[in-house]
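Just need the whole structure built from these sequences, with the hints factored in.
Here are the chains, one letter per residue:
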Amino acid sequence: MYEDLLKKLDDSYAIKTLEEMIRIPSVVKEEKDLAEYLREKLDGLGLETELHEVEPGRPNVYARFKGAKEGKRLNLCGHTDTVPVVDGWGTDPFKPVRKGNRLHGLGSNDMKAGLACALNTIRAFVESEYRFDGELSFSGVVDEEAYGEGAKAMLRTDYGKVDAIVLGEANNGEEGSEIHLGITGKILYDIQVKGKAAHGFNPEEGINAIEEAGVILANLGKLRFKEHPRFGKGNYSTLKIEGGYKVYSVVVPASCRFEVNRLLVPGETVEYAVEDMTRLVKNLKLKSDVEVNTKPPLYAAYEMKRTEPIIKIFDEVYREVVGKAPLYNYSKSITDANTFTGEGGIPCLHLGPKPGGAHQKNEYVELDWLPLVSKMYALIAARFLG
Amino acid sequence: MVKDVNTKIDDSYTVRKLEEMIVINSVVGQEGELAEYLRGELEALGLRTETQEVEPGRPNVYGRIKGEKHGKRLNFNGHMDTVPVVEGWDTDPFKPVREGDKLHGLGSCDMKAGIASILTMLKAIQDSGHNLRGELSFSGVIDEEAYGKGAKAMLKTDLAKMDAIVLAEPYPGDESKPIPLGITGKILYDINVKGRAAHGFRPHLGINAVEDAAKIVTNLDKLSFLDHPDFRKGNYCTLKFEGGYKVYSVVIPASARFEVNRLLVPGETVQTAIADMERLVKSLNLKSEVEVKTKPPRYEAYVMSGDDPIMKAFDPVYREVMGKAPLYEYAYGITDANIFAGEGHIPCLHLGPKRGGAHEKNEYVSLSCLPSVSRMYAMIADRFLSG
Chain A
1 MYEDLLKKLD DSYAIKTLEE MIRIPSVVKE EKDLAEYLRE KLDGLGLETE
51 LHEVEPGRPN VYARFKGAKE GKRLNLCGHT DTVPVVDGWG TDPFKPVRKG
101 NRLHGLGSND MKAGLACALN TIRAFVESEY RFDGELSFSG VVDEEAYGEG
151 AKAMLRTDYG KVDAIVLGEA NNGEEGSEIH LGITGKILYD IQVKGKAAHG
201 FNPEEGINAI EEAGVILANL GKLRFKEHPR FGKGNYSTLK IEGGYKVYSV
251 VVPASCRFEV NRLLVPGETV EYAVEDMTRL VKNLKLKSDV EVNTKPPLYA
301 AYEMKRTEPI IKIFDEVYRE VVGKAPLYNY SKSITDANTF TGEGGIPCLH
351 LGPKPGGAHQ KNEYVELDWL PLVSKMYALI AARFLG
Chain B
387 MVKDVNTKID DSYTVRKLEE MIVINSVVGQ EGELAEYLRG ELEALGLRTE
437 TQEVEPGRPN VYGRIKGEKH GKRLNFNGHM DTVPVVEGWD TDPFKPVREG
487 DKLHGLGSCD MKAGIASILT MLKAIQDSGH NLRGELSFSG VIDEEAYGKG
537 AKAMLKTDLA KMDAIVLAEP YPGDESKPIP LGITGKILYD INVKGRAAHG
587 FRPHLGINAV EDAAKIVTNL DKLSFLDHPD FRKGNYCTLK FEGGYKVYSV
637 VIPASARFEV NRLLVPGETV QTAIADMERL VKSLNLKSEV EVKTKPPRYE
687 AYVMSGDDPI MKAFDPVYRE VMGKAPLYEY AYGITDANIF AGEGHIPCLH
737 LGPKRGGAHE KNEYVSLSCL PSVSRMYAMI ADRFLSG
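Going down the list, the protein sequences come from chains A and B. This note's numbering numbers the first residue of the first sequence as 1 and each following residue consecutively. This note's numbering numbers the first residue of the second sequence as 387 and each following residue consecutively.
What the hints contain is simulated information worked out from the structure, not anything from laboratory work. Among the hints, a few may not be true.
For the chain B half of the interface with chain A, some residues (derived, Cβ under 7 Å), not all of them [unchecked claim]: (1) His585; (2) Asn594; (3) Glu597; (4) Asn621; (5) Thr624; (6) Gly630; (7) Tyr631; (8) Tyr634; (9) Val636; (10) Tyr718.
No experiment lies behind these values; they were computed from the predicted model shown. In this text, a Cβ means the ideal position worked out from N, Cα and C, and glycines have one as well.
Here's what the structure looks like:
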């Protein structure tokens, strides 16, 4: 039934597209070139495409083609941005470098391989002229690695009304990269500590905002994490701190600011989290004035059922293609699904290649998984839109 | 000698020189013009002068009067640089403005009045025709308000073989600013913490350099502070802390940096202080790699006794001129004496006019202080060089 469709999947096309995308730097905020590349490719396949500016110079790219009759709408989605280059790359992060089964490059794993498999699938649909109902679409959104503004913008368009989304993130259903049935929420604490200036040779006459901020940081383990039956507990990580002189002078720092990321499980609200931090700070009995705020982005936690249609179809396809049962989890990894599902109520399936050092130096993707991913995308789309 | 010299002290000359110097902008970094001026004034007084180019366009200036017989060598020192102009001056900081007894201007008390008082003393000595024993000299150095490069350069000349130095800084020897019998040293720790990046949602896979740095900061009270009989203990103060993303992304910070000022007491050296911080860091068993360095400026502590010849010359002079005993203290305020005495082992006396808002807007000096300062300088020079 699906042989004609599957025959048109082209693994070398997927790899070539992936290599081309790695060569196009798209560090978060600079997605434009990649968006234009994708639009051109999809336009070349005959889809109805558009670029939609989320912020000046930062467009989402959308493409769709309609089936024979009215029906369900399925979107294959990926984020076009990557994290910035971290220290320590052994090769040029913007050059695809093959080492055996691995292809190295910034964004290879997170998530240009997923985008390449989505293009491969759409191309197969077009070339095989496979008959389906409803609509198959693609979206490449900006800003996933930062504030999720791309996904938020998509919710405000017509693509925000699709029936399900497949996100090509590196979740391949094996241990360590399970398929998400739910994801934690997240807040970014923005904490300002106000001390009192004095000459640095007489520190006892001032209140050192940096040292008091340090006390809070050293005690973050005292935050109260609720235990959820499926999610377990949330977590925290300090992302940034700044305080002290701009031009050198020996003055007790009167102010210090730091930011802490916190993952929330269902049952923990933003209000709960803010109160939790406020309580922790109060118990430290610091001399400083401390203001606990939050900064965007803020994400809602969500949970889906195993019986959700896109999940049921996925489960069957995975067993057929990979030959074993997929593993699921309730995850701590914020993705655009927090926006699509958490805010927008659209069921999301995360399915993509094997993980390979995302956000780290020498990020890579294992090439032998890409044909499986493309095949699964094709079968899932065919069945969902059947 | 002294009675003759004191009759030659010209207080109006002091004020005139002070006003001329205020007009010359000598904010730290731009001491060249004032150095030229001082060289000219010293030459006019008949001293043998020379300059030492510490940095391009920034010379120290020296002047000497050599006595006929061999004897001790005494130097009167002042830094030529001022701090930069801060906001809020009501008058032009480079215009001497009199307000009753106060003379306003940038550097007036810190420390052009002290330098002017030295010039007055030297002029009086030259005018009296008195023959000294040993050598009496003047040094004007750059960069005291920043890194002490001027004082360090002076230690590389033959002036390093000085028997004592009188720094004309604004220390009037009363409750407002007692005479230092010693000064703490200081270093600026520059600590770099290297962790490991990872996705911020999986913190256990990375090593958070900011959180590890915070652990060090919170434990700074575990540094070992020597309890000195006179100074008691030194102290520390974290001055700066930075780490984390430049552009927002949820990544475990792989590096963080912070700076801690530490005052040292005699018995503690720059070396012992570095070793102390390394010991503290090691005891915390952090996963990050930590590099303990220092950033300039760094200064050694020093202490003197009241029996030191320059102090023995000073004390009775102060009592005679001011009509009361001087107050002494073990001080925290870094001056060039940390270099002259701390590194160069030259005994130092700080003596000058009363302070009026040094480093602040509308800085001033009280003109009524100045006559006694010049007279004390002359009497101290006499006692020290003839004693």
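Structure-based check of all given hints:
Against a cut-off of 7 Å between C-beta atoms, the interface hint on His585 of chain B holds, since the closest Cβ of chain A lies about 5 Å away. Among the interface hints, the one on Asn594 of chain B holds; its C-beta lies about 6 Å from the nearest C-beta in chain A, closer than the 7 Å criterion. Satisfaction of the interface hint for Glu597 of chain B is found here, the shortest Cβ-Cβ separation to chain A being roughly 5 Å, below the 7 Å cut-off. At its closest, the beta carbon of Asn621 of chain B sits 6 Å from a beta carbon of chain A; the interface hint therefore holds under the 7 Å criterion.
Among the interface hints, the one on Thr624 of chain B holds; its C-beta lies about 5 Å from the nearest C-beta in chain A, closer than the 7 Å criterion. For Gly630 of chain B, the interface hint holds, since its Cβ comes within 7 Å of a Cβ in chain A; the closest pair sits about 3 Å apart. A cut of 7 Å between beta carbons decides the hint on Tyr631 of chain B: the least distance to chain A is about 6 Å, and the hint holds. Contact between Tyr634 of chain B and chain A, as hinted, is supported at the beta carbon level, the nearest pair being about 5 Å apart and thus within 7 Å.
For Val636 of chain B, the interface hint holds, the least distance from its beta-carbon to any beta-carbon of chain A being 6 Å, beneath 7 Å. The interface hint given for Tyr718 of chain B holds, since its Cβ lies 4 Å from the closest Cβ of chain A, which is under the 7 Å cut-off.
In this structure, none of the earlier numbered hints is contradicted; all agree with it.
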